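Q: Here is what each chain is made of, one letter per residue.
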Amino acid sequence: MSFTFFLKRAAFAALALAALMTSAFFLVRLTGDPVNLYLPVDASDAAREAMRVRLGLDRSLPWQFLDWAGDMLSLDFGTSLWHNRPAMDVVLEALPNTLALGAIALTLAFVAAVIIGSIAAVNAGGWIDRAVNVLSQAAASVPDFWLGLMGVLLFAVTLRILPTSGFGGPIYWVLPVACLFARPFGTLVQIVRGSMIEALNATFVRTARAKGARSGRVTFVHALRNALLPAVTVTGDLAAQFAGGGGVVEVVFGFPGIGKLLIDGILKRDFAIVQASIFAVAVVIFFINILVDMLYASIDPRVRVE
Amino acid sequence: ADAASDTLTVVVTDEPKSLDPCDTDLSGNSRILHNNITEALVNLSPADGSLVPSLATGWRQVDELTWEFKLRDDVTFHDGKAFDASAVVAALKRAQDPALACEVGLATLKGVKFNAEVVNPTTLLIKTDIVEPILPNKMSAVDISSPATPNDGKSRSPAGTGPYKLAAWTPGQSVDLVAYDGYWGDRPAIKNATIIWRAESAVRAAMVATGEAQIAYEIAPQDGTTEQDHAFPNAETSLLRIDAEIPPLNDKRVREALNLAIDRDGLVGTIFHQDAQKAMQAVPPSVFGFNPDIPGWTYDPEKAKSLLAAAKADGVPVDKEIVIYGRIGIYPNSSESLEAIQAMLADAGFNARLEMLETSPWLKKLLKPWDKERQPSILQTQIDNTEGDAVFTLPNRFTTDGNQSTIADAKLDTLIADASKATGDERKKLFEEAFSYIAIDAVNIVPLFHMVTIARVAENVTYTPDVQAGNEIKLKSISYR
Amino acid sequence: MIEPLLKVQNLSRHFGSASAPVRAVDDVSFEIANGETLGLVGESGCGKTSLVRTLLKLGPATSGSALLDGVDITTASGRRLHELRRKMQVVFQDPYQSLNPRMRVDRLISEPWALHPGVVPKGSWREETVKLLESVGLRAEHADRYPSEFSGGQRQRLGIARALALNPTLLVCDEPVSALDVSVQAQVINLLAGLRRERNLAMLFVAHDLAVVRHVSDRVMVMYLGKIIETGPKQSIFNAAAHPYTQALMSAVPTPDPRRRAQRKRIVLQGDLPSPANPPSGCRFRTRCWKATSICAEQEPALTARTAARGLLTACHHADSEIANEIPRLERT
Amino acid sequence: MTSTSADVLPARERRSRRILWFVRALTGDPMAVAATIWLLIVALAILADASSLLGENRISLKARNLPPFDFGQSWTLWLGADALGRPLLVRLIQAASTTIGIALVTVLTSLIGGTLLGVIAGYFGGIIGNLVMRICDIILGFPTLLVALFGLYLFGPSVGNLIIVLAVTRMPAYIRVARAETLEVRERLFVDAARVFGGGPVWILRNHILPSVAPTMLTLASVNLAMVMLFESGLSYLGLGIQPPSVSWGLMVAQGQGYLSSAWWLGFFPGLAVMLTTMSFNLLANWFRIVNDPSQHWRLVSRRR
Amino acid sequence: MALLEVEDLQVSFVTAAGRILALNGVSFSLERGEVLALLGESGSGKSVTASAIMDLVPNPPGEINQGSIRFDGVELLQLSRNERRDLCGDRIALIFQDALAALNPVYSVGWQIAEMFRIHRRTPEGGVEKAVIDLLTAIGIPDPESRARQYPHEFSGGMRQRIMIAMAVALEPDVIIADEPTTALDVTIQAQVVDLLETIRKRSDAGMIFITHDLGVVAELADRVAVMYAGRVVETASVFELFEDARHPYSIGLLASQLRMDTDEDELVPIPGSAPNPVALPSGCAFRTRCPRAEGLCAEVVPSLETVGPGRQAACHFPVSPV
Ligand SMILES: Nc1ncnc2c1ncn2[C@@H]1O[C@H](COP(=O)(O)OP(=O)(O)OP(=O)(O)O)[C@@H](O)[C@H]1O
Ligand SMILES: Nc1ncnc2c1ncn2[C@@H]1O[C@H](COP(=O)(O)OP(=O)(O)OP(=O)(O)O)[C@@H](O)[C@H]1O
Ligand SMILES: [Mg+2]
Ligand SMILES: [Mg+2]
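Chains as they are written, first to last, in the working numbering: chain Z, 1 to 306; chain X, 307 to 787; chain E, 788 to 1120; chain B, 1121 to 1425; chain A, 1426 to 1748.
Looking at chain Z on its own, in the form it has when it is part of the complex:
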């Protein structure tokens, strides 16, 4: 991918980001005023008004917007009401956790799905295929939060081999990763299996057989690379979703990631946090998309034409 192409995309993404942030600005403000949440119920009206003035919420929305836009341009995302700290600091603490969690779960899911999906496709119609099909459908259909709760019940509360929740060493990652793994895994197996079956029936695979290639070579050299594209696309989409946080799963496990931060931010009307998170997530998604495109081009030369 050429540099100018990258710049063009970046410019386009910046425009989209501006639109996104603007809509986010108005949307969060429409969710209501944080003042009541941040003052004791017994606080006086004067105190409430004072806080509104302090936060600039007394001014008309267009003025607030201009102010905010100015801050944004100087990359000032404001101070978190709840954390009493610069919002971007808080976001940047949470983001790596989420990214690590998503990356681990997705990588595992992708690798496992490619292997298992390929095996199923090679044995299409056989009992292995059917077993894989049922298993992956189940994995694709399981609500992640429920899986999390049941995992806690079984492994933490009953068997006591894993911690219930929290954040720390590798052992704390097992259950959250497992929960986030399930659905991508199920979906990807289905996709790999489908595109592998298609690839295995493609004429070029028949060519490879006619050339005398044995089944391992046919499957993993000729068919797989062609079958990978849809899986990469879906993984990219999933990665973009995960960048927004493992949402519910993070809540279940009290995992300090961006998803939990966002949900808390909205519950607590912490505008700065919400906006900073959206910004950070959008930037991450931009890079994920670039990465996916690069992967795409390296897998399929037909995509290289800009």
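Note that these hints are calculated values from the structure, not bench results. Accuracy of the hints is not assured; some may be wrong.
To be verified - Ranges of calculated distance between the beta carbons of each label pair, as one might list FRET restraints: (1) Gly1280(B) / Lys909(E): 42 to 48 Å; (2) Glu915(E) / Val1143(B): 49 to 55 Å; (3) Asp1670(A) / Glu1133(B): 42 to 48 Å; (4) Arg866(E) / Asp677(X): 32 to 38 Å; (5) Ala1334(B) / Pro1483(A): 28 to 34 Å; (6) Thr233(Z) / Glu1133(B): 39 to 45 Å; (7) Val303(Z) / Glu1087(E): 50 to 56 Å.
What the hints assert, rightly or not - Keeping only pairs whose Cα atoms sit at most 25 Å apart, straight-line, the calculated SDA-like set for lysine to any residue is: (8) Lys670(X) / Gly32(Z); (9) Lys674(X) / Thr31(Z); (10) Lys678(X) / Leu37(Z).
As the structure is a computational prediction, the values presented were derived from the model and not from experiment. Ideal Cβ positions, reconstructed from N, Cα and C, are used throughout, including at glycine.
On the provided structure of chain Z, position chains X, E, B and A with the ligands as indicated by the hints.
A: Structure of chains X, E, B and A with the ligands alone, referenced to chain Z:
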């Protein structure tokens, strides 16, 4: 945890919002700070609510508007600054600084101007602009932080005089405390304490079971059934606030019927913990001004029906839909309790609909101003009174000007105003009268229970939570067996 | 002189940006008289379909005009276009794609009537459908089936029946038999020839198979890279073609007679069709032409009569020169 | 050549043959059979509930958290009772109507809206098309959960709003697919043919494009049905979706979370129901795809020999 | 003994509509250095025959029910999977109709040709590279070094087909099976490709099965012809005999319906009707419903492939008598 028996892990519901000593009105903050990191001039006795010395050794009322405090002289803050009268002056000033919007200033100290003067390093005068008969009680909520605490924003690294100092606050994960070597009082048995937070009661309970934590607070009743679970009254009273201005709820018979329709005995021991006390008024018995003579409501759906019928005969629109506004997670099982109550009201002939709200919209319903055209409603709420005096409960909720008050009754207004200014037995009598008036004449609440909190304590730890455990973890009183 | 049915003048169709256009059809002029069949041949990608689509107003003309009965197709719109559409119908190449697989035959055939109310009253649609089906050799009960239930040849008959529904005066056939099986091709060609006779249809018959064109056309037009390089009556083209490309094209068609394979003189062209986005200068065929000289690179040959053959117009500088005996064969490596 | 010219069957016969083929194809896939049975059970349960055959399920605090599999009790209590003593089975059935009802209405809304918008954007392109696609991009730029959070906070968590929010967040997927399909179908020869006959845009959209796009959209919808159910459950779990006293499977899991260690069945069964139903929809969608793809037919029939 | 002998081959497919006998007893043989044209309409089973020889019949849904395929005296159907694979590409090569689909889109053309050597030979890498360049040069690709690094989509249709040919002949196989290698090409390109194929084949004196439905190409190229109809070989003859003196009514019909450039006769005689539905083939002779000579017997007895002259056979109860 057993290996490092000088370390204790406590699990609470939420991460503290700040660790600023002037925010100790938030229980999440004060649990970590109060009497662990920072201390106040006086403490309230958990037994009877009486005042006991803390950083102040003695106090007296000099005149109507002036109190004098004698301070300890052997105390230093965690940051090495000496504790003296000027530190108290600074802390009090900081707590009332409108720019900081301290919780203590906005709630406990609200409406009164406190001016402190240094007499000498161990003597302090506090003057008020109006009569403040319970000034020492209020001072029990004002934690004294080091004079070096910055004034331009809330602090995340408090320095106090308490037995523990802050070791680390890892946002999103934990707050770590370590025993302070220079503490003026007895050395605590536990050297290191870690406070972590989990939103789910079941998880918190499980963590003590699995050894991930030694103390877990706010266990839901269904989990709080083992030997390790201790229930303690937490100074909260749950109730339903009736919006008595909107028909049909403006008819007293209808409001009485609401009270009669609820089977409090059925709720206790199931949805509410069995140690919860049926309430007749808005404050628990430990509060100064509590009226023990108010009769409790008995469950009598038949009578409720007949009251409704009578009201209906007089043209009261009793069939109008009444909304029950609940708040998600206000206490354990809060929505179950309202589902049950809604069913009970329906059985008694009410047309009630339940609406569960998240905190922010719920606050909109709780606080004035309200829409003129609003639907008749009752609102789930709970009132806490840790300061131990009725004045912290009544004016805002039951006077015409109160920002959460659904009642506008001149007689009650004067009663409460007089009581607030009075002292001693007079004060007590007037407050009792006010509570009785609310419960029997005004009937604008459906009192439910004086609530309990359940804490789960690991078997190898000695700790018995008391009535103040909702707001403090007295770490220095805890030890391993 | 009577006006021709279709008169195309300097018609061009370019794709892509104006700065670097793909000249799919470049400055093409021809005429079709009433009842006449004009065959159009050319290699894949030479612009046949683009020309057809422009004539059918499925895409805009870049420049030039095409008058059908005196009305310019390229500028017509609204009612006038709608009227034009009645007179001019099309049979597409791919019978599998040109019939909506989700429509039953009766609906497919009556679609033109629904769009042109008044041609056939709704009450007699069924009757007329059956008549049309029978005229293309299908049966009445076929009206209730879906296209997928027909064979390729039958589908192409459906396509023809539908094209005839509005009783057009000009039928444009874009490779109507290329996708069909050998034995079926003959059926469809016979059908088209018969219909043409019965209805006095004028046809523009596009194909890349010279044998097919030879069978149906009165006149033939050869296209190369967006240009018409030779045109003339069938006899002249097939017996006295003067353009090297036409000659090569004809010699490349294999003859189904094994006895003759030894004596055949086959011209095997070198290389592929150049890109229409960047055509060679001068004569477009020069890059593959064995007669090419320097003039071919400099000057574009005009389409004019260059030999004695009756009515034959050729766009080649060397049309009359006799260097054709140096016909190359593919190098044997 | 796919000719079947030999014998012409009357329409009715062909239809019944087709039905027969569907039945045969279904029995060729045991998982699809299982999925069908499960969905039928769910549908019957919903019907029974709607016609109030199950009777009332009164709160009975004495029966609070009654454990499951006590077959001595009335059958409604075989899956235990919930925190208010209501039979869990009956609650599950009530929740089924909400969960599946919401999923159906949502999918229908986004299917119709998304298809129309996508087809229009694809067929006309230009400014309208671009505008539609850019709005899609923005919606997709927000994490899905966030759009839902915003929507529900803005408009309050009611069933209607939940449906709107879910439909809006799902709509871009439909728009994109419908647009892509339209771009492809638009170039098909039969569309050109219709234009040569004089068909205008509306005619072509209605008679050619929409019917051609429909099968893909329906497949997408069937997969989305499952996704929406999961999503609604997730939102209800966060306290944003269905509010008590209404009940949905997701909400039941959420409420069951408080009883994780004291009454596991409260959260277990509704989660299981979500999973089985989602899986059934997915399996059937899968099966449907194979049935409609002749190149995969052998999967369904080969084992019948 | 012939180089390749196919006898009574039967292949079936399971489809939604029912079981299809794609091949219903196909027999023919191929000598070394001979070009055998497999002629027939679409769906007559030409490609399936090629697949069966190359062990490419997808299973499921396809299955070889009976028959034998002998190559160089070895019964292929009795070999193991991997033994068959080793033969393919090395000694028997296949060229597909649609080169764009048949080349792997994600690997460079050079890589795909080189793979032949990697699979079957232990040629050192440098040698492989050289061999690839030589092959590309041989098929007339200009600038072979850089073209070898390009991908199939960067080539024109004719070039792609030539690359397919290069790949097939890379190891100088004994038998080349070309499945309609020119059908998708223009006449001018078709001439290029046919020329190339003949040149290369002659060089190694390989036998070739040339699958087509174009009588012109057959006349140009073939030594012998096997005409297929509905999964059977209905006639085999030398190319001259077939064009001048076909015996089977279907062969005759096919010849009559062919458009030709060399005669001016105006009326084409198509075969009436259309190809039979493979699920419900007519009883007896599959062609009888379209056959002008059909009689009662044809509906009852399937005609077997009988010798009707020296070196030629026909499957017809009432073959056209010799001229
Ligand atoms: N929509 C389009 N955009 C850009 N280029 C096009 C378009 N349609 C056709 N072309 C180009 O115009 C040229 C002529 O194409 P056209 O389809 O008219 O050829 P043709 O003679 O009909 O070929 P064939 O025999 O393969 O049908 C080709 O080079 C093609 O790539
Ligand atoms: N994978 C398959 N599944 C089902 N049926 C098949 C399959 N492959 C081939 N057939 C059937 O076998 C028969 C013969 O097909 P084959 O491809 O050999 O025809 P062909 O003579 O090569 O035709 P064409 O000229 O179109 O290539 C056809 O009826 C076809 O439908
Ligand atoms: Mg064309
Ligand atoms: Mg074939």
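Q: Take the hints in turn and mark each one as holding or not.
A: The hints, checked one at a time:
no.	hint	result
1	Gly1280(B) / Lys909(E): 42 to 48 Å	holds (44 Å)
2	Glu915(E) / Val1143(B): 49 to 55 Å	violated (39 Å)
3	Asp1670(A) / Glu1133(B): 42 to 48 Å	holds (46 Å)
4	Arg866(E) / Asp677(X): 32 to 38 Å	violated (59 Å)
5	Ala1334(B) / Pro1483(A): 28 to 34 Å	holds (31 Å)
6	Thr233(Z) / Glu1133(B): 39 to 45 Å	holds (44 Å)
7	Val303(Z) / Glu1087(E): 50 to 56 Å	violated (39 Å)
8	Lys670(X) / Gly32(Z)	holds (10 Å)
9	Lys674(X) / Thr31(Z)	holds (19 Å)
10	Lys678(X) / Leu37(Z)	holds (23 Å)
In summary, the structure is inconsistent with hints 2, 4, 7 from the numbered list given earlier, while agreeing with the others.
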